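Enquirer: With these hints in hand, go ahead and build the complete structure from the sequences.
Numbering of the first sequence is given in the numbering used here, commencing with residue 14 and proceeding in unit increments.
These are computed hints drawn from the structure, not numbers from a lab.
All values derive from a computational prediction rather than experimental measurement.
Some hints here could point you the wrong way.
[Said to hold, decoys possible] Calculated pairs, SDA-like style, for lysine to any residue (alpha carbon to alpha carbon, straight line, at most 25 Å): (1) Lys80 <-> Gln65; (2) Lys29 <-> Leu202; (3) Lys116 <-> Arg97; (4) Lys29 <-> Tyr43; (5) Lys41 <-> Glu56; (6) Lys81 <-> Arg114; (7) Lys221 <-> Asn183; (8) Lys34 <-> Ser220; (9) Lys92 <-> Ser53; (10) Lys221 <-> Pro50; (11) Lys116 <-> Ile93; (12) Lys129 <-> Glu154; (13) Lys83 <-> Tyr126; (14) Lys134 <-> Tyr43; (15) Lys143 <-> Asn127.
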Amino acid sequence: MTVMVKNGPPSARNLKPILLKVYSFLYKIYGPQRWWPANSRFEVVVGAILTQNTNWSNVEKAINNLKKEKLLSPSILHKINPERLAALIRPSGYYNMKAKRLKNFLNFLFSNYNGKLSSMKRVPIEVLRKEVLGVDGIGPETADSILLYALDKPVFVIDAYTRRITECLNIARQGISYDDLQAIFTQNLPVNAGLFNEFHALIVMHSKAICKARPNCEECIFHSEKRKNR
DNA sequence: GGCCAGGACACCA
DNA sequence: TGGTGTCATGGC
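Expert: Below, the structure is given as structure tokens:
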């Protein structure tokens with residue numbers, strides 16, 4: 014793989030060939046990911062909120078608790094008392110706060126969409142994103158995860174993994190804002206939910222599997238490129 | 001026992 | 001606008 018990344022402000026650089034090359038390379042290595050790891054749109058939403066600043070394995074434990082109790086549905090969680098919800102999602106950490114955030118989203122869902130996620134799909138992306146961001150406890154990453162993975166909207170998710178790999182490859186500077194980094198992807202790639210879905214999933218896959226964002230990690234498949242670009 | 005993991009928000013200067 | 005503290009569990 015040959016990736017020529019030059020220094021300079023991201024906005025002034027044509028990053029389309031680099032991003033496409035990184036994508037096709039990751040796809041070749043790891044294959045289709047078919048994300049998100051969930052069995053329903055609502056499970057995606059719950060996972061997106063519970064995974065805030067937390068290891069995914071802890072989120073799985075919390076979701077399994079909800080499944081075991083047969084509570085993983087909007088109508089049931091909408092009615093459940095917050096203390097019980099907090100106790101069930103305890104393994105995901107920050108459980109009191111996350112119980113409130115789940116409740117906040119459910120209140121929004123029932124107030125505006127009759128509790129149906131499928132109804133949200135009809136709303137234009139800009140309107141929907143603004144609405145979801147208006148829910149207390151739903152920030153840009155959580156909102157975009159919900160839009161992309163639960164509602165099939167073409168928004169690129171920026172998370173810790175995305176930041177690491179773009180900084181690692183000198184595609185974006187350290188500390189770049191969420192919106193600016195997101196713009197790098199959306200302005201340099203075809204606007205396509207399937208592509209955004211796979212690309213972000215592949216970034217996470219790669220980061221978990223090998224890279225771990227260590228600039229000197231000899232195991233990283235981008236190791237030679239990183240040296241070249243310094 | 002310390003560090004880290006797929007954030008978001010309030011508060012302050 | 002940017003920095004800092006808070007929220008918390010579980011694996012290594």
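Enquirer: All hints are to be evaluated individually against the structure, with a verdict given for each.
Expert: Now for the hints, and whether the structure bears them out:
Distance restraint check for Lys80 and Gln65: the Cα-Cα separation of roughly 20 Å lies within the 25 Å cut-off, and the hinted pair is therefore satisfied. Simply put, Lys29 and Leu202 have alpha-carbon atoms about 6 Å apart, close enough for the 25 Å limit, and the pair holds. Distance restraint check for Lys116 and Arg97: the Cα-Cα separation of roughly 12 Å lies within the 25 Å cut-off, and the hinted pair is therefore satisfied. With a C-alpha separation of about 21 Å, the suggested pair Lys29 and Tyr43 falls inside the 25 Å cut-off, and the hint holds.
Using a Cα cut-off of 25 Å, the hinted pair Lys41 and Glu56 is violated, with the two alpha carbons roughly 29 Å apart. Of the pairs offered as hints, the one joining Lys81 and Arg114 holds, with about 21 Å between alpha carbons and a cut-off of 25 Å not exceeded. Between the alpha carbons of Lys221 and Asn183 the distance comes to roughly 19 Å, so the proposed pair stays at or under 25 Å and holds. For the hint pairing Lys34 with Ser220, the CA-to-CA distance comes to about 17 Å; that is within 25 Å, so the pair holds.
Distance restraint check for Lys92 and Ser53: the Cα-Cα separation of roughly 19 Å lies within the 25 Å cut-off, and the hinted pair is therefore satisfied. Among the hinted pairs, Lys221 with Pro50 is consistent with the structure: their alpha-carbon atoms are about 14 Å apart, no more than 25 Å. Restraint check: the Cα-Cα separation between Lys116 and Ile93 comes to about 9 Å, which is no more than 25 Å; the hinted pair holds. With a C-alpha separation of about 22 Å, the suggested pair Lys129 and Glu154 falls inside the 25 Å cut-off, and the hint holds.
As the CA atoms of Lys83 and Tyr126 are separated by approximately 23 Å, the hinted pair is consistent with the 25 Å bound. For a cut-off of 25 Å, the pair hint linking Lys134 to Tyr43 is broken: about 29 Å separates their Cα positions. Of the supplied pair hints, the one linking Lys143 and Asn127 holds, its CA atoms being roughly 18 Å apart against a limit of 25 Å.
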